[in-house]
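Peer 1: Residues per chain are reported as follows:
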Amino acid sequence: MSEFYVHPTAIVESQLIGAGTRIWAFTHILKDAMVGKNCNIGDHCFIEGGAKIGNNVTIKNSNMIWEGVTLEDGVFVGPHVFFTNDLYPRSPRLFEAKHRYENHGWFTNSYVGYGASLGAAAVILAGNKIGEFAMVGAATLVSKDIKPYALVVGNPARQVGWVCKCGLRLSVKENFGECDCGFTYRLENEQLIPFELT
Amino acid sequence: MSEFYVHPTAIVESQLIGAGTRIWAFTHILKDAMVGKNCNIGDHCFIEGGAKIGNNVTIKNSNMIWEGVTLEDGVFVGPHVFFTNDLYPRSPRLFEAKHRYENHGWFTNSYVGYGASLGAAAVILAGNKIGEFAMVGAATLVSKDIKPYALVVGNPARQVGWVCKCGLRLSVKENFGECDCGFTYRLENEQLIPFELT
Amino acid sequence: MSEFYVHPTAIVESQLIGAGTRIWAFTHILKDAMVGKNCNIGDHCFIEGGAKIGNNVTIKNSNMIWEGVTLEDGVFVGPHVFFTNDLYPRSPRLFEAKHRYENHGWFTNSYVGYGASLGAAAVILAGNKIGEFAMVGAATLVSKDIKPYALVVGNPARQVGWVCKCGLRLSVKENFGECDCGFTYRLENEQLIPFELT
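Protein chains in written order, with the working numbering: chain A, 294 to 491; chain B, 294 to 491; chain C, 294 to 491.
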């Protein structure tokens, strides 16, 4: 097994944890959950078996990452982000709904692309894909796919701008954007695309 | 006492827990909390004394069920649903508000009917009643009573359709609805009523 | 060290805790977090080093109080209130964003004034100031400063009225308001100001 840190009060039942990852107090990682290298997982989290988490991911406190959720490398998950994997949930113990839980038909995946950020208390409805480097504002309800580099806010989410790979807001004029940090982008067919000036 | 499962890290101070119920990691159930049979209560939950929870209820992770909250049989409580029991809360330790906390006048009940579902991060303002089999969408703010079988979303909640007992969305035409699962309903005086075809 | 109560499952690493304060199950208080006298901190909370919490503060369950958050005396923090301290967060482990986390430039403070109340699941964007005795409704997104005594709701927050020091809603007519509890106020330049009748 690789070298990673587990706080004395955390429970780690998975052996699929990458080197250099740190897991903090009162967090519970279930069997077969996959967590990459060099991640940081805050207090009071719950990572379910079947969740897939890449390298260099930051997961702030009190997050639940369910089966069916994939987080690519470098994702930021703010405190208390809410994922779902059942669009029409019922108690599987309820007589009238039991038949829906006899197989995995109720189940829906979610996907968060490389380097994206999910703000505090954002809600990601199952079945949606968040593009690379996108930024989802705090308390935003994501109910459809989000473009790469898009900044989205509101309930439901609407796009209000673009962000740089570094996270700062990007001013795009005449289909061209340049961040103070040096990254440059062009806008083509309503998609933001990184490119290097020559 | 009945036979139920308690994870080694959970704290259960109530003796009013039904047979077959399972209580998971880092969850805390206070004295005099009532929990029925065959329930599943996820990690990091808090059930207060005076909460009343029926049979076959599913409570996902990180929920707090306060005194004054009643959940009927078969209810589904998604991750991090927020109940309240004080409409105008102040710190009871605050000098200027202490008088409001000298008796129980600040206190307001909430009620969730048989088989209803509350989506992730839904917020239920105190004093409201959620009808049987209703479905409250993720991140929805419930600030008034919800009809049986209603599907509600948004902040504040508005009704956008009907759901079947099984949880799936129901198409209602000419005051009649039939789910693929076989349940049938009629619409009368803007209420959905189950009935069986003869 | 002063006399305060710590539940056996809580972790308290700070020595800056005031007398009479109670800290409940599965809560984690980090080194150098400041907590005043006679506070109540519920289950599953996380108080970071650099957080400043006054006296007589009530912090309900599952709250995270980050570095940079100041709560004055008598504040009420409902269950699962979300603070933030980075307006454009990225994983600091993400190659493309690392330079933003080399110093503390990403960091933004928040401030909650004397006696204010934050409802369940409210979200406070970093950089905002909440005035004394203000009341933030459940599930409200605070994205700008809030006036003293203001009642705000919605996503984003908008002011819908005024509240008394005691927490009850206040009817203000002809620039004068009187609460059943006896406190009186006048409205001047769109600010509510307490005054005593002579």
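A couple of the hints might just be wrong.
Remember, identical chains collapse to one label, so a pair may be satisfied in a single copy or spanning two.
To be verified - Calculated cross-link-like contacts (lysine-lysine; reagent style DSBU-like; alpha-carbon spacing at most 35 Å):
1) 330 to 391
2) 391 to 466
3) 324 to 422
4) 324 to 466
5) 437 to 422
In short, the hints are calculated from the structure, not lab data. Because the structure is a prediction, the values reported are computed rather than measured.
Peer 1: Indicate, hint by hint, whether the structure satisfies it.
Peer 2: Outcome of the hint check:
{"no.": "1", "hint": "330 to 391", "result": "between (39 Å within a copy, 16 Å between copies)"}
{"no.": "2", "hint": "391 to 466", "result": "between (54 Å within a copy, 26 Å between copies)"}
{"no.": "3", "hint": "324 to 422", "result": "within (25 Å within a copy, 38 Å between copies)"}
{"no.": "4", "hint": "324 to 466", "result": "neither (49 Å within a copy, 46 Å between copies)"}
{"no.": "5", "hint": "437 to 422", "result": "both (7 Å within a copy, 30 Å between copies)"}
Checked against the numbered hints above, the structure breaks only hint 4 and satisfies the rest.
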